[in-house]
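**Student:** Here is what each chain is made of, one letter per residue.
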Amino acid sequence: MALLDKYAPLLVQYESLEATGYNPFNVAFDDVVSPTEAVIGDRRILLLGTNNYLGLTYDPAVIAASVGAAQELGVGTTGSRLANGSYGGHRQLERALADFYGRKHGMVFSTGYQANLGILSALAGKDDHLILDADSHASIYDGSRLGHAQVTRFRHNDPDDLDNRLRRLAGTAGDKVIVVEGIYSMLGDTAPLREFVEVKRKWGAYLVVDEAHSLGVLGENGRGLVETAGVEADVDFVVGTFSKSLGGVGGFCVSDMDGFDILRVASRPYMFTASLPPSVIAGVMEALRQLRARPALRHQLLDNARRFHAGLADLGFTLCSEANPVVSAVMPDPKTAFTFWSRLLEGGLYTNVSLPPATPKGLALLRSSVSAAHTPAQIDQALSLFAETGRALGLIPAASGSTVVPDLCVAAQ
Amino acid sequence: MEQTRELVFGVLRSSLQNPIELSDDTNITEGLGLDSVAVMDFVMEIEDAFDISIPLDRIAEVKTIGDLVATVHDLKGKS
Numbered sequence: 459m460a461l462l463d464k465y466a467p468l469l470v471q472y473e474s475l476e477a478t479g480y481n482p483f484n485v486a487f488d489d490v491v492s493p494t495e496a497v498i499g500d501r502r503i504l505l506l507g508t509n510n511y512l513g514l515t516y517d518p519a520v521i522a523a524s525v526g527a528a529q530e531l532g533v534g535t536t537g538s539r540l541a542n543g544s545y546g547g548h549r550q551l552e553r554a555l556a557d558f559y560g561r562k563h564g565m566v567f568s569t570g571y572q573a574n575l576g577i578l579s580a581l582a583g584k585d586d587h588l589i590l591d592a593d594s595h596a597s598i599y600d601g602s603r604l605g606h607a608q609v610t611r612f613r614h615n616d617p618d619d620l621d622n623r624l625r626r627l628a629g630t631a632g633d634k635v636i637v638v639e640g641i642y643s644m645l646g647d648t649a650p651l652r653e654f655v656e657v658k659r660k661w662g663a664y665l666v667v668d669e670a671h672s673l674g675v676l677g678e679n680g681r682g683l684v685e686t687a688g689v690e691a692d693v694d695f696v697v698g699t700f701s702k703s704l705g706g707v708g709g710f711c712v713s714d715m716d717g718f719d720i721l722r723v724a725s726r727p728y729m730f731t732a733s734l735p736p737s738v739i740a741g742v743m744e745a746l747r748q749l750r751a752r753p754a755l756r757h758q759l760l761d762n763a764r765r766f767h768a769g770l771a772d773l774g775f776t777l778c779s780e781a782n783p784v785v786s787a788v789m790p791d792p793k794t795a796f797t798f799w800s801r802l803l804e805g806g807l808y809t810n811v812s813l814p815p816a817t818p819k820g821l822a823l824l825r826s827s828v829s830a831a832h833t834p835a836q837i838d839q840a841l842s843l844f845a846e847t848g849r850a851l852g853l854i855p856a857a858s859g860s861t862v863v864p865d866l867c868v869a870a871q
Numbered sequence: 111m112e113q114t115r116e117l118v119f120g121v122l123r124s125s126l127q128n129p130i131e132l133s134d135d136t137n138i139t140e141g142l143g144l145d146s147v148a149v150m151d152f153v154m155e156i157e158d159a160f161d162i163s164i165p166l167d168r169i170a171e172v173k174t175i176g177d178l179v180a181t182v183h184d185l186k187g188k189s
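Protein chains in written order, with our numbering: chain L, 459 to 871; chain Z, 111 to 189.
Careful: at least some of the hints might be erroneous.
What the hints assert, rightly or not - Listed next, the in silico DSS-like pairs over lysine-lysine satisfying Cα-Cα at most 30 Å (straight line):
no.: 1; chain 1: L; residue 1: K464; chain 2: Z; residue 2: K186
no.: 2; chain 1: Z; residue 1: K173; chain 2: L; residue 2: K464
no.: 3; chain 1: L; residue 1: K584; chain 2: L; residue 2: K562
no.: 4; chain 1: Z; residue 1: K173; chain 2: L; residue 2: K660
no.: 5; chain 1: L; residue 1: K819; chain 2: Z; residue 2: K173
To be verified - Covered stretches of chain L, going by a simulated chain Z footprint (3 or more residues, C-beta under 8 Å):
no.: 6; region: 623 to 635
no.: 7; region: 813 to 821
Rather than coming from a laboratory, the hints here were simulated on the basis of the structure. A virtual CB, placed ideally from N, CA and C, is assigned to each residue, including glycine.
Given these sequences and hints, build the entire structure.
**Tutor:** Shown next, in the form of structure tokens:
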């Protein structure tokens with residue numbers, strides 16, 4: 459048996475997607491021309507699946523900061539901060555993040571994935587407990603394994619279920635660390651943070667909130683769901699990424715916890731990875747400045763999200779959340795999701811297909827992410843393609859006029 | 111142990127969409143066609159049925175339904 463034979467079933471699935479000529483997991487853009495447009499072959503593609511929430515990837519000031527840093531400081535750091543030293547920018551960005559969140563400490567990681575790996579594996583060791591929302595991102599699950607913590611899942615967004623599971627763990631040794639997300643990346647729904655905070659207090663647990671999809675999106679100042687819910691004092695750690703609303707790459711954690719900096723010599727994903735290059739740090743620093751200085755970006759984003767969400771609901775699609783920049787339409791099965799996705803791409807619209815086990819409840823989803831950089835005309839163009847495709851596949855009624863029924867997400871499992 | 115087995119099989123049957131012949135030797139992923147998340151969801155049902163906590167690392171050791179019954183029995187005994 460050859461080494462990779464164990465992937466035979468996966469290979470069959472992958473090759474059948476390749477054979478269609480449209481493999482959603484192997485899309486290559488020949489050119490990307492703006493936060494909302496790319497080119498494949500001779501076709502212009504409208505981008506509606508890139509998590510580029512504030513559209514800052516082409517912002518002239520962000521580009522200038524990034525280019526300037528590359529010219530001054532070179533293109534790479536060639537090593538980890540622990541072994542090879544920090545650049546001034548690394549520390550400045552950590553201070554800027556701590557200042558933005560009003561926290562004492564900030565720590566920067568080389569990707570958002572590694573931020574979860576680095577924080578969770580360092581916070582919870584072999585004798586501690588991580589209590590995860592069942593719909594947590596893969597990086598949260600992987601981070602839990604890296605630290606050898608005891609891992610318990612609770613039902614998605616269910617404070618009573620969390621309470622019940624903490625009750626069962628009450629007699630056990632070790633710290634209890636609860637992990638939830640702000641906006642969930644697949645369904646686009648948000649966590650009931652106030653209720654989670656009550657449960658956290660009741661059992662003396664710690665709380666980590668991953669704001670990957672909600673930084674710069676939610677909150678009066680863009681500080682995410684924790685700000686919206688008014689629970690900043692009760693959230694012990696906020697984790698996030700630079701690769702969505704900040705348009706770069708990298709991850710971070712902020713906290714008020716005394717002794718936080720010891721994690722720099724305890725967190726393996728922090729210690730044994732090359733640090734972010736100066737151009738990325740400078741670009742993210744400028745993007746963070748823009749996020750703070752231009753609340754209009756966030757307002758535009760939410761206007762666009764509401765326009766798209768309401769448009770899909772009116773057409774009769776089954777959606778799984780309130781109007782957030784992540785908008786997922788439930789497809790009856792994976793095959794229909796692929797067909798829908800490829801027809802949209804043929805029509806010039808790029809979205810995402812999300813399938814189990816990456817999705818909750820076995821749902822097949824057609825996922826879109828809206829940007830502040832989309833024009834209303836682009837949103838309407840996307841809606842018209844969704845309408846055309848949905849009708850052609852018999853998924854929505856010929857005439858519009860249906861409404862969102864959130865419970866359908868549960869019924870569809 | 112027999113009681114535990116009955117209850118585990120019962121929870122499993124009610125979680126499966128299609129009826130499948132179940133035995134102690136049935137492999138949970140291959141035999142039941144469950145993906146990794148479906149297995150974890152099923153384990154949550156078992157936790158509730160027995161009012162116990164089954165840490166995910168214990169699930170990693172579980173291959174067959176018989177293994178699961180033994181794990182549940184073990185954890186139930188400690189609670």
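**Student:** Hint by hint, say whether it matches the structure.
**Tutor:** So, going through the hints one by one against the coordinates:
A hinted pair counts as satisfied when its Cα atoms are at most 30 Å apart, and L:K464 with Z:K186 does not qualify at roughly 35 Å. At roughly 16 Å between alpha-carbon atoms, Z:K173 and L:K464 fall within 30 Å of each other, so this suggested pair holds. As the CA atoms of L:K584 and L:K562 are separated by approximately 28 Å, the hinted pair is consistent with the 30 Å bound. For the suggested pair Z:K173 and L:K660, the alpha carbons sit about 36 Å apart, so the restraint of at most 30 Å is broken.
A distance of roughly 22 Å separates the Cα atoms of L:K819 and Z:K173; the hinted pair therefore holds under the 30 Å criterion. With 4 residues having a Cβ less than 8 Å from any Cβ of chain Z, the region 623 to 635 of chain L passes the three-residue criterion, so the hint holds. As drawn, the region 813 to 821 of chain L meets chain Z at 4 residues by the rule of a beta-carbon pair under 8 Å; at three or more, the given contact holds.
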